[in-house]
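Undergrad: The chain contents come next:
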Amino acid sequence: DAGVIQSPRHEVTEMGQEVTLRCKPISGHNSLFWYRQTMMRGLELLIYFNNNVPIDDSGMPEDRFSAKMPNASFSTLKIQPSEPRDSAVYFCASGSPGHLGYTFGSGTRLTVV
Amino acid sequence: ELKVEQNPLFLSMQEGKNYTIYCNYSTTSDRLYWYRQDPGKSLESLFVLLSNGAVKQEGRLMASLDTKARLSTLHITAAVHDLSATYFCAVGVQDSNYQLIWGAGTKLIIKP
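Protein chains in written order, with the working numbering: chain F, 1 to 113; chain U, 1 to 112.
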């Protein structure tokens, strides 16, 4: 099992550009989370999918952020346009059926300059 | 408001000592998770506690859950430097499809 796979690992982009982060959950896991982590704000839940359906997106900061899960094996988080305050580490995590465990990906370190 | 409170938030300790991190939560839950995060790394699952009275141990770490008191503890026995990390607890909220509510994390530094 390769675990939760996120790409890219690092992304440096200019303010105003579109950024797309990608996540491949563990096969068989039916829940998927996108988190953002910063020193100032800690770990924040952005959006939560269950069986590919968004359950709670109340953590998405604003309309510049959008997330999709077109199938059980792929999810994207898009920021358009990006701003310097979006700089953070973005984690994707997937959860096993029955919510018996959640596995995090390695994260994408985003820097917006 | 659902809250998960960890204490202490910061702990500096000597090798060989025993310490406990506490995780209090404000809602009914039957699922409590402990994670470890090393600097610059991802979160690694340590324990999943699924019932009242559950106790799990891995090496020098032992976690327990008291659902009636809404309290979980992470006990460190004879600490070693390699256990230096930030430890998070998270509560699964059943009414919200087991969405996780996270504690702020406890940064643990173990000095030789």
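Bear in mind the hints are in silico, worked out from the structure with no lab data behind them.
If you're wondering where the values come from, they're calculated on a predicted model, not measured in any experiment.
Wrong hints could be hidden among the right ones.
Stated by the list, open to error - Rough simulated footprint, nothing fancy, chain U against chain F, three-plus residues with beta-carbon under 8 Å: (1) 33-43; (2) 47-60; (3) 63-69.
Note that the Cβ used here is the ideal one computed from N, Cα and C, for glycine as well.
Undergrad: If a hint holds in the structure, say so; if it doesn't, say that too.
TA: Quick rundown of the hints versus the structure:
1. 33-43: holds (count 3)
2. 47-60: holds (count 4)
3. 63-69: violated (count 0)
The structure fails hint 3 only (numbered hints given earlier).
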